[in-house]
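Use the sequences and the hints to build the structure in full.
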Amino acid sequence: MSVKSAESFPLARYRAGGGHPTGQRNGIEENLEESFLSHFTQLFNKYAGPNGTWHRDQIGLFMHHIQVENPEGLASYLVDQDELNLPELIKYLTSPCGNILEMAAPQDLTWPLNNYFISSSHNTYLTGNQLSSDSSTEAYKDALLRGCRCIEIDVWDGKEQWKPGFGSDDEEREVKDTSRDAPKKMGFADRAMIKFGRWAMNKFDPVDPDGRTIDDRLLDIIDAEPRVLHGFTLTKEVLFRDVCETVKEYAFTTSDLPLIVSLEVHCSPLQQGSMVN
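For the sequence shown, counting from 1, position 12 maps to 12 in UniProt numbering; every step adds exactly one.
Rather than coming from a laboratory, the hints here were simulated on the basis of the structure.
Please read all numbers here as calculations on a predicted model, not as lab measurements.
Among these hints, one or two may not hold up.
Unchecked claim - Restraint-style ranges between C-beta atoms, simulated for each label pair:
# : residue 1 : residue 2 : range
1 : Trp111    : Gln58     : 40 to 48 Å
2 : Trp111    : Leu43     : 43 to 51 Å
3 : Leu61     : Ala105    : 21 to 29 Å
4 : Asn115    : Thr253    : 19 to 27 Å
What the hints assert, rightly or not - Distance condition first, Cα-Cα at most 20 Å in a straight line; then the derived DMTMM-like pairs of lysine to aspartate or glutamate:
#  : residue 1 : residue 2
5  : Lys248    : Glu152
6  : Lys159    : Asp190
7  : Lys159    : Asp242
8  : Lys46     : Glu83
9  : Lys159    : Glu245
10 : Lys203    : Asp216
11 : Lys163    : Asp216
12 : Lys236    : Glu152
13 : Lys141    : Glu152
14 : Lys203    : Asp215
15 : Lys141    : Asp242
16 : Lys195    : Glu160
17 : Lys195    : Asp220
18 : Lys195    : Asp215
19 : Lys248    : Glu264
20 : Lys236    : Glu138
21 : Lys248    : Glu138
22 : Lys91     : Glu34
No residue lacks a Cβ here, since even glycine has one placed at the ideal position from N, Cα and C.
Listed below in structure tokens is the structure:
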């Protein structure tokens with residue numbers, strides 16, 4: 001299973017090529033080596049007319065016999081042109097149309113999922129090595145724009161703080177928080193109080209009349225922000241919330257096929273509840 005068929009392929013959105021995921025490549029590789037560009041220009045000019053273009057017959061021969069393009073494919077617009085100049089040819093060759101691999105053809109998608117090869121990503125969040133690189137939402141955007149259909153999200157406990165209106169109000173906190181509506185960081189005393197409260201509820205009231213667990217009720221007063229990173233390493237984190245927003249935006253930009261999300265959850269029950277919310 002891969003990207004959409006040629007008839008509906010969003011050429012301008014698909015991301016081609018390799019490199020760092022923060023690189024701005026929106027389908028077209030614009031920077032060509034000078035030596036290659038010089039050689040390619042000579043080849044083009046060798047067959048070009050007096051006005052520096054290829055005429056319709058030359059375009060047809062090149063597209064059908066050299067490139068073996070589908071007459072009804074994405075690049076069919078070139079064959080309909082009366083002339084083709086060098087910048088237009090370079091734009092075609094450096095787009096996904098010029099990929100040495102063929103574009104995805106329509107497929108029979110009626111079989112069970114395990115009958116297909118799936119474009120997958122491991123540790124999708126990382127922008128570099130697995131020891132000390134950054135985690136980034138750009139890495140998810142990059143993978144999805146390349147047609148990836150299986151991404152990985154490793155989730156760990158993140159920051160916890162009181163929701164507005166809860167928590168202790170000592171003088172130090174009042175100095176730091178200019179608004180009583182602002183979330184409040186937890187101190188040592190706060191964590192000790194929560195630990196004792198959790199023990200008491202677990203012993204005497206583990207589930208309330210509405211069927212809510214201890215962690216469900218704690219989420220009424222605590223804000224938790226799970227984070228995504230490679231555990232037990234020096235990799236930098238990114239918020240799980242931001243990853244979800246990025247996946248939502250780009251999951252089906254270049255493909256309408258199912259997206260598999262491989263969740264590796266290392267969070268406490270409290271933060272798992274926050275993930276669900």
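Each hint tested on the structure:
1. Trp111 - Gln58: 40 to 48 Å: With a Cβ separation near 43 Å, Trp111 and Gln58 satisfy 40 to 48 Å, so the hint holds.
2. Trp111 - Leu43: 43 to 51 Å: holds (45 Å)
3. Leu61 - Ala105: 21 to 29 Å: holds (24 Å)
4. Asn115 - Thr253: 19 to 27 Å: Given range 19 to 27 Å: holds, Cβ gap about 25 Å.
5. Lys248 - Glu152: holds (14 Å)
6. Lys159 - Asp190: holds (14 Å)
7. Lys159 - Asp242: The given pair, whose Cα atoms are some 14 Å apart, holds under the 20 Å limit.
8. Lys46 - Glu83: holds (15 Å)
9. Lys159 - Glu245: Holds, because 19 Å separates the two Cα atoms, which is no more than 20 Å.
10. Lys203 - Asp216: Between Lys203 and Asp216 the Cα gap is close to 16 Å, so the pair holds against 20 Å.
11. Lys163 - Asp216: holds (14 Å)
12. Lys236 - Glu152: holds (16 Å)
13. Lys141 - Glu152: holds (13 Å)
14. Lys203 - Asp215: The given pair, whose Cα atoms are some 14 Å apart, holds under the 20 Å limit.
15. Lys141 - Asp242: Roughly 11 Å separates the two Cα atoms, so the pair holds.
16. Lys195 - Glu160: Holds: Lys195 and Glu160 sit about 13 Å apart, inside 20 Å.
17. Lys195 - Asp220: Answer holds: Lys195 to Asp220 is near 16 Å, not above 20 Å.
18. Lys195 - Asp215: Holds - the C-alpha atoms of Asp215 and Lys195 are around 12 Å apart, at most 20 Å.
19. Lys248 - Glu264: The hint holds at about 19 Å.
20. Lys236 - Glu138: holds (14 Å)
21. Lys248 - Glu138: Since the Cα atoms of Lys248 and Glu138 sit roughly 13 Å apart, the hinted pair holds (cutoff 20 Å).
22. Lys91 - Glu34: Holds, at roughly 16 Å.
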